[in-house]
Amino acid sequence: MSKVMTMKEAIERFVHDGDFLFIGGYICRTPFAAIHEIIRQGKKDLTITRSNAADDFDMLIGAGLVKRFIATFLSLGVYGLGRCFRRSLEKGIPHKIELEEYTNLSLPMMLMAGALGMPFIPVKDMVGSDLLNVKSFMGEDKYKVIVNPFDGTPTLVVPALKPDVAIIHVQQADEHGNAQVWGIEGDCKWGANAAEKVIVTCERIVSREIIGKDPSRTIVPDFRVVAVVEEPFGAHPGYTPGFYDVDFMFGSLYQQASNTEEGFRAFLEEWVYGVEDRTAYIQHYIEKFGYAQFRGLWADFDYSYPVSYAY
Amino acid sequence: MSKVMTMKEAIERFVHDGDFLFIGGYICRTPFAAIHEIIRQGKKDLTITRSNAADDFDMLIGAGLVKRFIATFLSLGVYGLGRCFRRSLEKGIPHKIELEEYTNLSLPMMLMAGALGMPFIPVKDMVGSDLLNVKSFMGEDKYKVIVNPFDGTPTLVVPALKPDVAIIHVQQADEHGNAQVWGIEGDCKWGANAAEKVIVTCERIVSREIIGKDPSRTIVPDFRVVAVVEEPFGAHPGYTPGFYDVDFMFGSLYQQASNTEEGFRAFLEEWVYGVEDRTAYIQHYIEKFGYAQFRGLWADFDYSYPVSYAY
Amino acid sequence: MSAAELDYIKPELMACCGAREIRDGDLVIVGTGFPSVAANIAKYTHAPNARMMQESGVYDAQPKRPALSVGDPCLNPGAAFIGSLIDVMGMFLQGGKVDVGFLSGSQVDKYGNINTTVIGDYGNPKSRLPGSGGANPIGLLAKRVLIIALHDKRRLAERVDFITTPGYIDGPGARAKWGLPEDQGPEVIITNKAVLRFDKETKEAYLESYHPGNTVEEILENTPWDLKVAPDVHETPPPTAEELRAIREIIDPMRMITIYLKRGYV
Amino acid sequence: MSAAELDYIKPELMACCGAREIRDGDLVIVGTGFPSVAANIAKYTHAPNARMMQESGVYDAQPKRPALSVGDPCLNPGAAFIGSLIDVMGMFLQGGKVDVGFLSGSQVDKYGNINTTVIGDYGNPKSRLPGSGGANPIGLLAKRVLIIALHDKRRLAERVDFITTPGYIDGPGARAKWGLPEDQGPEVIITNKAVLRFDKETKEAYLESYHPGNTVEEILENTPWDLKVAPDVHETPPPTAEELRAIREIIDPMRMITIYLKRGYV
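Chains as they are written, first to last, in this note's numbering: chain A, 1 to 311; chain B, 1 to 311; chain C, 1 to 266; chain D, 1 to 266.
Simulated from the structure, these hints should not be mistaken for laboratory data. The beta carbon of each residue, even a glycine, is placed where N, CA and C say it ideally should be. A portion of the hints provided could be inaccurate.
SDA-like mimics (lysine to any residue), calculated; alpha carbons at most 25 Å apart, straight line [stated by the list, open to error]:
id	chain 1	residue 1	chain 2	residue 2
1	A	Lys-3	B	Tyr-305
2	D	Lys-126	A	Glu-100
3	D	Lys-126	A	Asn-133
4	C	Lys-143	C	Arg-51
5	A	Lys-197	C	Asp-183
6	C	Lys-10	B	Gly-80
7	A	Lys-8	A	Glu-270
8	A	Lys-162	B	Val-145
9	B	Lys-197	B	Arg-40
10	A	Lys-135	D	Tyr-122
11	B	Lys-142	A	Pro-119
12	C	Lys-97	A	Val-4
13	A	Lys-197	C	Asp-26
14	B	Lys-96	B	Asn-148
15	B	Lys-135	A	Thr-153
16	B	Lys-96	C	Asn-124
17	A	Lys-142	B	Phe-150
18	A	Lys-142	D	Gly-120
19	B	Lys-213	A	Tyr-303
20	B	Lys-142	A	Ile-146
21	C	Lys-262	B	Gln-256
22	C	Lys-64	A	Phe-137
23	D	Lys-126	A	Glu-90
24	C	Lys-177	B	Asn-148
25	D	Lys-64	D	Glu-218
26	C	Lys-126	B	Phe-137
27	B	Lys-43	B	Val-78
28	A	Lys-213	B	Lys-213
29	B	Lys-142	B	Phe-20
30	C	Lys-126	B	Phe-20
31	C	Lys-64	C	Pro-48
32	B	Lys-67	B	Asp-19
33	D	Lys-143	B	Pro-119
34	C	Lys-64	A	Thr-153
35	A	Lys-44	A	Val-272
36	A	Lys-144	D	Tyr-122
37	D	Lys-153	D	Glu-218
Pairwise CB distance ranges (calculated) [as the list claims (entries may be wrong)]:
id	chain 1	residue 1	chain 2	residue 2	range
38	B	Val-147	C	Pro-224	35 to 45 Å
39	C	Glu-218	B	Glu-98	39 to 49 Å
40	A	Pro-154	B	Lys-96	36 to 46 Å
Let the sequences and hints guide you as you build the complete structure.
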């Protein structure tokens with residue numbers, strides 16, 4: 001019952017035009033290899049969501065694959081603003097995406113509500129802001145103001161989100177899909193568990209026995225998972241704790257390229273369409289920037305103390 | 001800024017008559033040493049809560065210290081029913097506690113709502129049951145049925161719980177209170193974080209550096225914690241993963257003793273009032289049952305693989 | 001094994017009846033005792049891809065001894081996932097992922113309502129029971145609910161004293177009133193004398209099969225409501241050699257299941 | 001250090017202004033850059049028990065290099081607690097535990113409302129900005145909010161184009177209408193020319209102090225509303241030797257703070 005497959009197969013089989021995707025990551029563990037494969041396969045009319053989106057979402061928007069975006073934020077952070085995001089909203093290039101905007105409190109709560117089978121969830125943010133005055137494709141269902149039945153005060157409630165597919169990148173998973181992470185989690189656990197199907201990409205596939213040595217690290221159990229893809233450096237140019245650092249050089253390279261439409265298209269040609277998979281991508285990286293640059297990204301050793309679950 | 005103190009001091013300073021206490025544990029990591037100290041100090045008129053209560057709650061009720069209990073369940077499991085709980089409700093011995101009853105879904109959700117600053121939370125359980133027909137001290141605020149503003153269906157909502165004090169037993173904590181657990185968690189994380197103050201009892205105090213080697217294991221950060229008590233075997237006769245097994249002999253001994261009022265009082269005399277602290281309790285255990293019996297509880301070695309958070 | 005086959009005890013037969021309700025790939029929320037044995041029989045026979053979880057937060061545990069509680073130490077090492085009550089009761093159960101839940105109770109009625117709260121008057125109880133625990137949400141939210149009960153007029157009831165866990169409440173349409181899917185709810189009551197199955201229309205439990213050694217008459221006498229009998233009522237198939245081997249060699253070599261004999265499951 | 005004192009740059013002064021707003025024991029939610037430097041200055045000077053968290057889920061990180069984002073790799077090793085967005089934004093912030101939040105924005109108005117969404121019309125933007133991220137809940141739910149801004153008529157506004165993060169909205173009583181505590185909200189706007197503090201009654205920002213080298217007149221000219229001036233308006237105290245030592249020797253030995261010079265913080 002192994003669910004191990006290539007990225008190509010996982011995206012072909014489980015991501016469809018028009019799907020609603022949760023894509024995990026927070027600079028930390030961004031599933032970039034999956035993003036590139038989605039672009040190569042030209043999956044379109046996607047609705048995408050995550051709190052604090054960055055270069056991966058910008059790239060999907062620039063590639064013209066996004067119809068709708070349930071958003072809190074999109075920026076390239078230290079590199080600057082998301083240029084494809086801006087071109088879409090300011091100039092309709094390649095087309096204008098539809099945007100439904102929340103915050104880094106309300107959106108994770110909506111994903112948590114989706115994961116926990118709750119119909120909606122009360123939140124204390126957004127009140128008094130123009131975020132309540134702009135509504136897009138969710139219309140009147142973006143939020144509701146109800147009367148708290150316990151004390152009569154007005155209370156904002158937001159609906160549960162249930163994506164069709166979640167794509168997350170984790171440190172390790174077994175062949176069935178039990179997925180383990182450590183370090184910054186963002187909204188990965190709730191986003192993944194809110195989705196109907198989960199695609200797990202990981203730095204390494206480990207045995208079920210290794211998972212069982214530390215089951216409190218598992219954030220998604222195997223029965224939620226449809227595909228497991230072993231993809232070392234799958235989060236590059238983001239990072240994975242214990243595996244490799246952020247690649248600031250490459251992040252900056254994307255920012256500069258995406259400053260213009262031409263630059264963005266050339267970037268996709270070189271780094272996405274021009275390579276068939278992540279192995280070819282890393283090969284190209286090493287050929288272009290040198291093995292020393294690649295080697296420089298690898299994480300130091302700084303191991304935790306083991307613990308025991310025995311009795 | 002160390003918060004390390006003795007159990008006596010922690011209970012004296014931070015648990016008061018009339019307090020609302022969340023007491024963590026799920027056979028796993030029951031804070032038994034703290035329970036015994038509360039009984040020794042005779043803190044009274046307590047409101048207590050946790051999902052799936054067992055012998056520790058039965059003992060507090062039998063000792064006459066509990067006024068109110070926000071409950072889902074109380075049983076001694078494999079040993080049988082909770083006799084003090086039954087005597088209280090069936091015969092008013094030593095007095096009849098007030099009981100507000102929920103389930104193992106709704107009560108943890110109410111604690112989570114308390115921890116997350118939510119006023120209330122929708123749940124899908126309890127409908128159609130007599131749990132909706134019995135209301136005690138929470139009165140009309142036990143739950144409300146509202147109209148889901150998104151689809152018009154009737155929806156049950158339950159209020160957030162915010163205990164005055166949470167008492168949890170964990171594997172390890174630093175002197176500031178950063179508390180780490182692994183293995184079965186029950187409702188410990190949400191219950192502790194819902195409370196105004198947290199008392200952490202632990203198998204071992206470790207350095208802040210050790211906490212920092214694996215920060216994803218921390219369930220309560222130091223700023224929520226008012227006292228840290230190092231109390232090896234603090235969960236006995238319950239267990240702590242990686243440290244010791246359940247003591248079935250002792251659990252059975254309690255069940256048999258608590259079958260009668262006299263037996264229960266004799267048990268308290270011997271194991272609670274008759275010892276001044278957990279050290280004296282273990283000393284008495286070893287003298288009575290032998291070191292071999294004590295040694296037999298210790299956990300095997302079966303360590304997890306270390307992980308790195310480095311970059 | 002043919003000699004051993006004749007030799008099975010009632011609790012073994014009951015566990016097999018539970019196992020036969022489990023389909024391959026089912027997600028099963030189990031407690032201790034019967035449910036755990038039943039789910040494991042299924043796993044080691046016809047449903048190798050069945051997966052179990054405990055409400056305490058554990059999924060796919062690999063216990064080396066039979067767990068004596070849902071928080072038992074032996075559930076920790078080797079599990080695939082250990083989270084919190086919220087994870088199992090919220091994320092998996094309320095999230096609609098659980099196929100099968102096992103329940104038992106001090107009273108079970110013809111609509112599959114279960115009482116684990118109180119015998120007699122709630123405010124002035126004759127006998128106070130533990131309360132819901134996870135039973136109420138499991139009964140409401142698992143897709144199929146299997147009930148284990150002792151077959152006598154005290155344990156089975158026309159109407160339970162207190163509905164801790166709703167079955168079909170007061171019959172057809174009652175669950176829908178509360179927004180619960182009509183196609184979910186109790187499947188069977190497995191007793192020490194019979195298998196009672198719930199009628200899809202009337203939502204009432206009827207006699208599907210009597211255990212070897214028990215008779216329809218005896219069962220009707222020991223059931224406190226006017227129990228309907230299936231036209232094709234038949235003897236419950238005894239445990240197969242394969243089922244018994246799973247119980248005795250893999251799941252419960254220490255024969256802890258025999259404690260049910262003392263509890264009246266004969 | 002007395003020569004160095006004369007030598008400080010504006011971003012250092014601004015960070016010190018932020019630090020001085022932090023009290024010992026405060027829980028501070030920080031982003032990168034100014035907030036992080038300011039909170040650390042406080043920690044290494046008058047507020048040794050201040051504690052920091054990042055919205056990404058990190059509490060009490062021990063970064064060995066300045067973090068370039070709230071999800072920076074250097075925030076992982078050594079932290080006291082790493083959870084999820086729900087833990088920090090829900091459990092700590094919405095749970096009412098956060099004392100101080102830092103915010104900045106492309107537009108800030110006299111009531112401390114902040115725009116990080118759009119310049120121009122929302123549907124047809126002149127300039128599209130990143131959006132709220134964590135800003136809106138931090139602005140609404142932290143007990144005291146410190147705002148960092150460039151001091152010119154484009155960044156400061158009589159009224160922002162879009163309220164991403166409410167300050168005092170449209171003045172006294174506006175927060176209470178939404179059930180927000182009246183005693184919470186923006187404390188100061190720290191600009192590259194001045195410290196503007198919010199009046200407890202009118203909820204409008206007024207000039208509390210002008211930075212060394214800046215004048216009241218220059219500040220009034222560069223503020224797009226009729227800025228009230230405190231009767232005791234005074235020069236902002238320059239960084240102390242102790243504050244500068246903390247910045248240069250402990251917090252930012254690589255002088256990353258100088259990037260703010262390029263961004264116009266002069």
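For each hint, the structure was consulted:
Distance hint between A/Lys-3 and B/Tyr-305 is fulfilled; the C-alpha atoms sit about 24 Å from each other, no more than 25 Å. The suggested pairing of D/Lys-126 with A/Glu-100 holds, with an alpha-carbon distance near 19 Å, which does not exceed 25 Å. For the hint pairing D/Lys-126 with A/Asn-133, the CA-to-CA distance comes to about 19 Å; that is within 25 Å, so the pair holds. Taking the CA atoms of C/Lys-143 and C/Arg-51, the gap is near 15 Å; set against the 25 Å cutoff, the hint holds.
For the hint pairing A/Lys-197 with C/Asp-183, the CA-to-CA distance comes to about 23 Å; that is within 25 Å, so the pair holds. Of the pairs offered as hints, the one joining C/Lys-10 and B/Gly-80 holds, with about 22 Å between alpha carbons and a cut-off of 25 Å not exceeded. For the proposed pair A/Lys-8 and A/Glu-270, the alpha carbon gap of about 18 Å is at most 25 Å, so the pair holds. The straight-line distance between the Cα atoms of A/Lys-162 and B/Val-145 is roughly 24 Å, inside the 25 Å bound, and the hint therefore holds.
For the given pair, B/Lys-197 sits about 21 Å from B/Arg-40 by alpha-carbon distance, which is consistent with the 25 Å threshold. Between A/Lys-135 and D/Tyr-122 the CA atoms are separated by roughly 11 Å; this keeps the pair inside 25 Å, and the hint holds. Distance restraint check for B/Lys-142 and A/Pro-119: the Cα-Cα separation of roughly 20 Å lies within the 25 Å cut-off, and the hinted pair is therefore satisfied. For the suggested pair C/Lys-97 and A/Val-4, the alpha carbons sit about 22 Å apart, so the restraint of at most 25 Å is met.
This hinted pair checks out: A/Lys-197 and C/Asp-26 have alpha carbons roughly 17 Å apart, not beyond 25 Å. Between B/Lys-96 and B/Asn-148, the direct Cα distance comes to roughly 38 Å. Violation of the 25 Å bound is thereby established for this hinted pair. Note on B/Lys-135 and A/Thr-153: the hinted pairing holds, with a Cα-Cα distance of about 23 Å set against a maximum of 25 Å. Using a Cα cut-off of 25 Å, the hinted pair B/Lys-96 and C/Asn-124 holds, with the two alpha carbons roughly 10 Å apart.
For the given pair, A/Lys-142 sits about 9 Å from B/Phe-150 by alpha-carbon distance, which is consistent with the 25 Å threshold. Restraint check for A/Lys-142 and D/Gly-120: the C-alpha separation of about 23 Å stays at or below 25 Å, so the hint holds. With a C-alpha separation of about 7 Å, the suggested pair B/Lys-213 and A/Tyr-303 falls inside the 25 Å cut-off, and the hint holds. At roughly 19 Å between alpha-carbon atoms, B/Lys-142 and A/Ile-146 fall within 25 Å of each other, so this suggested pair holds.
Taking the CA atoms of C/Lys-262 and B/Gln-256, the gap is near 18 Å; set against the 25 Å cutoff, the hint holds. Distance hint between C/Lys-64 and A/Phe-137 is unfulfilled; the C-alpha atoms sit about 53 Å from each other, more than 25 Å. Distance check on the hinted pair: D/Lys-126 and A/Glu-90 sit about 7 Å apart at the alpha-carbon level, within 25 Å; holds. Between C/Lys-177 and B/Asn-148, the direct Cα distance comes to roughly 15 Å. Compliance with the 25 Å bound is thereby established for this hinted pair.
Our distance criterion of 25 Å between C-alpha atoms is broken by D/Lys-64 and D/Glu-218, whose separation comes to about 40 Å. Among the hinted pairs, C/Lys-126 with B/Phe-137 is consistent with the structure: their alpha-carbon atoms are about 22 Å apart, no more than 25 Å. Of the supplied pair hints, the one linking B/Lys-43 and B/Val-78 is violated, its CA atoms being roughly 29 Å apart against a limit of 25 Å. For the given pair, A/Lys-213 sits about 18 Å from B/Lys-213 by alpha-carbon distance, which is consistent with the 25 Å threshold.
Restraint check for B/Lys-142 and B/Phe-20: satisfied, since their Cα atoms lie roughly 16 Å apart, inside the 25 Å limit. Between C/Lys-126 and B/Phe-20, the direct Cα distance comes to roughly 29 Å. Violation of the 25 Å bound is thereby established for this hinted pair. The straight-line distance between the Cα atoms of C/Lys-64 and C/Pro-48 is roughly 18 Å, inside the 25 Å bound, and the hint therefore holds. With a C-alpha separation of about 10 Å, the suggested pair B/Lys-67 and B/Asp-19 falls inside the 25 Å cut-off, and the hint holds.
Distance check on the hinted pair: D/Lys-143 and B/Pro-119 sit about 19 Å apart at the alpha-carbon level, within 25 Å; holds. For the suggested pair C/Lys-64 and A/Thr-153, the alpha carbons sit about 53 Å apart, so the restraint of at most 25 Å is broken. Restraint check for A/Lys-44 and A/Val-272: satisfied, since their Cα atoms lie roughly 16 Å apart, inside the 25 Å limit. Under the criterion of a C-alpha separation no larger than 25 Å, the hint pairing A/Lys-144 with D/Tyr-122 is consistent with the structure, at around 21 Å.
Distance check on the hinted pair: D/Lys-153 and D/Glu-218 sit about 12 Å apart at the alpha-carbon level, within 25 Å; holds. Take B/Val-147 and C/Pro-224: their Cβ atoms lie about 39 Å apart, and the range 35 to 45 Å holds. For the hinted restraint 39 to 49 Å between C/Glu-218 and B/Glu-98, the CB-CB distance of approximately 44 Å keeps it satisfied. Checked against the given bound of 36 to 46 Å, the beta carbons of A/Pro-154 and B/Lys-96, roughly 40 Å apart, stay inside it.
The structure shown violates the earlier hints numbered 14, 22, 25, 27, 30, 34.
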